[in-house]
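Chemist: Throw the hints in and build the complete structure from the sequences for me.
Residue numbers (full-length UniProt numbering), protein chains in the order written: chain A, 1 to 289; chain B, 1 to 274.
Hints should not be assumed to be uniformly reliable.
To be verified - Calculated lysine-lysine pairs in the DSS-like style (CA-CA distance at most 27 Å, straight line): (1) A:K9 - B:K101; (2) B:K185 - A:K8; (3) A:K4 - B:K101; (4) A:K142 - B:K43; (5) B:K104 - A:K283; (6) A:K142 - B:K38; (7) B:K185 - A:K9; (8) B:K104 - A:K4; (9) A:K9 - B:K99; (10) A:K9 - B:K104; (11) A:K95 - B:K262; (12) A:K8 - B:K101; (13) B:K99 - A:K4; (14) B:K43 - A:K151; (15) A:K135 - B:K38; (16) A:K202 - B:K9; (17) B:K185 - A:K4; (18) A:K8 - B:K100; (19) B:K262 - A:K202; (20) B:K100 - A:K9.
What the hints assert, rightly or not - Derived DEER-like restraints, expressed as beta-carbon distance ranges: (21) B:I164 - A:A7: 15 to 25 Å; (22) B:I109 - A:K142: 48 to 58 Å; (23) A:F51 - B:V259: 46 to 56 Å; (24) A:K142 - B:V111: 42 to 52 Å; (25) A:Y34 - B:T53: 49 to 59 Å; (26) B:I75 - A:R196: 46 to 56 Å; (27) B:N136 - A:G87: 44 to 54 Å; (28) A:A7 - B:E167: 18 to 28 Å; (29) A:S3 - B:K104: 13 to 23 Å; (30) A:S98 - B:I75: 34 to 44 Å; (31) A:F51 - B:E167: 49 to 59 Å; (32) B:V259 - A:Y285: 33 to 43 Å; (33) A:N134 - B:F25: 14 to 24 Å; (34) B:G159 - A:L72: 30 to 40 Å.
Calculated from the structure, these hints are not laboratory results. Computed from a predicted model, the values in this text were never measured in an experiment. C-beta: ideal position from N, C-alpha, C; glycine also.
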Amino acid sequence: MMSKRTAKKFLQFSFLPLAIFTIVLIVPFVNGVYYTFTDWDGFEATKLVGFDNYVKSFQDPTFWATLRFTGLFVVVSMVAVNAVAFGLALIVTSKLRSRNILRTFFFVPNLIGGVVLGVIWQFIFNSALVSIANKYDWELFKESWLNDTNKAFWALIIVTVWQSSGYMMIVYITGLISIEQDVLEASQIDGASPVRTLLTIKIPLMAQAFTIALFLTLRGGFMAYDVNLALTGGGPFRETELISMHIFQDAFANGNFGTGQSKAVVMFIVVALAALFQVTISKRYEVQR
Amino acid sequence: MSSRAHLGKRITFFVGVILAFAYVFPFFLVFVNSLKLKYDILKNPLSIPTTITWDNFQQALEKMNFYRSLTNSIIITVLSVSLLIFFSSMLAYYLARTKKKHTKYIFLILVTSMIVPFQALMIPFMARFAPFVSWNNRGALIFFYIGFGTALSTFLYHGFISNIPTEIDEAASIDGASDLVAFWKIIFPMMRPITATVAIINALWIWNDFLLPRLVLTDESQTLPLSTYLFYGQYSIEYGQAMAGLVLAVIPIVIFYLVLQKQFISGISQGAVK
Numbered sequence: 001m002m003s004k005r006t007a008k009k010f011l012q013f014s015f016l017p018l019a020i021f022t023i024v025l026i027v028p029f030v031n032g033v034y035y036t037f038t039d040w041d042g043f044e045a046t047k048l049v050g051f052d053n054y055v056k057s058f059q060d061p062t063f064w065a066t067l068r069f070t071g072l073f074v075v076v077s078m079v080a081v082n083a084v085a086f087g088l089a090l091i092v093t094s095k096l097r098s099r100n101i102l103r104t105f106f107f108v109p110n111l112i113g114g115v116v117l118g119v120i121w122q123f124i125f126n127s128a129l130v131s132i133a134n135k136y137d138w139e140l141f142k143e144s145w146l147n148d149t150n151k152a153f154w155a156l157i158i159v160t161v162w163q164s165s166g167y168m169m170i171v172y173i174t175g176l177i178s179i180e181q182d183v184l185e186a187s188q189i190d191g192a193s194p195v196r197t198l199l200t201i202k203i204p205l206m207a208q209a210f211t212i213a214l215f216l217t218l219r220g221g222f223m224a225y226d227v228n229l230a231l232t233g234g235g236p237f238r239e240t241e242l243i244s245m246h247i248f249q250d251a252f253a254n255g256n257f258g259t260g261q262s263k264a265v266v267m268f269i270v271v272a273l274a275a276l277f278q279v280t281i282s283k284r285y286e287v288q289r
Numbered sequence: 001m002s003s004r005a006h007l008g009k010r011i012t013f014f015v016g017v018i019l020a021f022a023y024v025f026p027f028f029l030v031f032v033n034s035l036k037l038k039y040d041i042l043k044n045p046l047s048i049p050t051t052i053t054w055d056n057f058q059q060a061l062e063k064m065n066f067y068r069s070l071t072n073s074i075i076i077t078v079l080s081v082s083l084l085i086f087f088s089s090m091l092a093y094y095l096a097r098t099k100k101k102h103t104k105y106i107f108l109i110l111v112t113s114m115i116v117p118f119q120a121l122m123i124p125f126m127a128r129f130a131p132f133v134s135w136n137n138r139g140a141l142i143f144f145y146i147g148f149g150t151a152l153s154t155f156l157y158h159g160f161i162s163n164i165p166t167e168i169d170e171a172a173s174i175d176g177a178s179d180l181v182a183f184w185k186i187i188f189p190m191m192r193p194i195t196a197t198v199a200i201i202n203a204l205w206i207w208n209d210f211l212l213p214r215l216v217l218t219d220e221s222q223t224l225p226l227s228t229y230l231f232y233g234q235y236s237i238e239y240g241q242a243m244a245g246l247v248l249a250v251i252p253i254v255i256f257y258l259v260l261q262k263q264f265i266s267g268i269s270q271g272a273v274k
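Modeler: So this is what it looks like as structure tokens:
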């Protein structure tokens, strides 16, 4: 009787969602890993080829370049986004009367998709800044930043900070307001300066917010595609291609499904390891309350 | 308040205002230029328009098929989010209330799956689902969103349900309500706050998603981000029109945000911290 009811409950409540989840996520994932060990060409796989696809992927010098570029992008964007976002959170949790309207402004870019943000900034870097720089003889922007690999990297960082700092700001705000008021009052009575309070009380007590925000920016950095596509399109000379775009190009533009999928599996492993590493480190700094 | 604290407050205010200005300036720039003639834009993108023209908007509305893509975006987002809420709330209820080994494993798999980047799936994904996609690409896209969204939504609901006392379920069961009735009549209405969070997080993601729709949708079923991108690519020489297209792409979600601002902020802070 009881087991019949539990079986019924399983079917009613969880069968469909679990079936859809399995079809959409698990099946392609298992399939995808399997394909990398075959001669799969996008349509059929006739035989197993061992690690050939992985060997080929790592023999591709552009893949190494992409990995380096992506690694640099992830590290720099993590630092920049979180530093800015934490600053914004401090501003909007201060006693300013204008804090709510400021928060609204900081959050707006986050509402809009990366593609639209990317083309907005493409206009700014390619046209607006160039025309202003020529008018006022401003050397830095005379040539579009997007035509130079190094400057295009910083353009990507700027747009990413602009896009994601509002979201991470919310995470930090949540952390900051979760700190008990009496702890802060006690430190004030003890005569701690605001900087001291921030460093020795606030930050350790909200370490969990850092764990979350760092994790989200790490993952976001590895998965970045929209801004990359709309801002630089991978150019100049495919030198600003992040890993997502590299995989997309390899598979869908050049038809290399075998290596494309192997690179995607490599990407998954890198993301998983990096996230595991970051979360383990961050957790160590969290104070148990 | 001491004068030093007062000074600190003023500096904070000053920095905040400058930053806020920097954050909205790109939008302002786009808006101003959408009202200008091409010649004026090229001459000085910073200038205030001398003659205001709405022509750019008329052209952009037509060329990017604005109403069609807006409708597509709304249909796809609303259906996907509703179905996600429907399925993941039930799944979460089942997983949270059935204390068995298998439910623990299922939950663990769901949580772990959140680390898998879409890029790691997309190639076999497109090969496998090509027939489904060509049969009904909007339907397929909604189906995919349910699959990809299940993990996070279920996770959020799971956390919330764990805090609802089981006595409520037991009382309903004693009153003779079936599991489904008890869930939809009693439990689900209690979860309104987390439902709002799930709705907003998923709506933002699906509304702005680009890569998956780009792979799945055809010309007629384009969503707003897709048509904006293609339109910009084709008409970026016509600066005014391109800018008008961007303004059109930004407006719907910004209005939505300004109306529901409180829910957005609380939704995101709950969704992120869980």
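Chemist: Now tell me, hint by hint, if it's right for this structure.
Modeler: A quick look at each hint next to the structure:
no.: 1; hint: A:K9 - B:K101; result: holds, 16 Å
no.: 2; hint: B:K185 - A:K8; result: holds, 19 Å
no.: 3; hint: A:K4 - B:K101; result: holds, 17 Å
no.: 4; hint: A:K142 - B:K43; result: holds, 15 Å
no.: 5; hint: B:K104 - A:K283; result: holds, 23 Å
no.: 6; hint: A:K142 - B:K38; result: holds, 20 Å
no.: 7; hint: B:K185 - A:K9; result: holds, 16 Å
no.: 8; hint: B:K104 - A:K4; result: holds, 20 Å
no.: 9; hint: A:K9 - B:K99; result: holds, 13 Å
no.: 10; hint: A:K9 - B:K104; result: holds, 16 Å
no.: 11; hint: A:K95 - B:K262; result: holds, 19 Å
no.: 12; hint: A:K8 - B:K101; result: holds, 17 Å
no.: 13; hint: B:K99 - A:K4; result: holds, 16 Å
no.: 14; hint: B:K43 - A:K151; result: holds, 25 Å
no.: 15; hint: A:K135 - B:K38; result: holds, 17 Å
no.: 16; hint: A:K202 - B:K9; result: holds, 18 Å
no.: 17; hint: B:K185 - A:K4; result: holds, 23 Å
no.: 18; hint: A:K8 - B:K100; result: holds, 15 Å
no.: 19; hint: B:K262 - A:K202; result: holds, 25 Å
no.: 20; hint: B:K100 - A:K9; result: holds, 13 Å
no.: 21; hint: B:I164 - A:A7: 15 to 25 Å; result: holds, 24 Å
no.: 22; hint: B:I109 - A:K142: 48 to 58 Å; result: holds, 54 Å
no.: 23; hint: A:F51 - B:V259: 46 to 56 Å; result: holds, 54 Å
no.: 24; hint: A:K142 - B:V111: 42 to 52 Å; result: holds, 51 Å
no.: 25; hint: A:Y34 - B:T53: 49 to 59 Å; result: holds, 57 Å
no.: 26; hint: B:I75 - A:R196: 46 to 56 Å; result: holds, 54 Å
no.: 27; hint: B:N136 - A:G87: 44 to 54 Å; result: holds, 47 Å
no.: 28; hint: A:A7 - B:E167: 18 to 28 Å; result: holds, 24 Å
no.: 29; hint: A:S3 - B:K104: 13 to 23 Å; result: holds, 18 Å
no.: 30; hint: A:S98 - B:I75: 34 to 44 Å; result: holds, 39 Å
no.: 31; hint: A:F51 - B:E167: 49 to 59 Å; result: holds, 57 Å
no.: 32; hint: B:V259 - A:Y285: 33 to 43 Å; result: holds, 39 Å
no.: 33; hint: A:N134 - B:F25: 14 to 24 Å; result: holds, 20 Å
no.: 34; hint: B:G159 - A:L72: 30 to 40 Å; result: holds, 36 Å
In terms of the numbered hints stated before, the structure departs from none.
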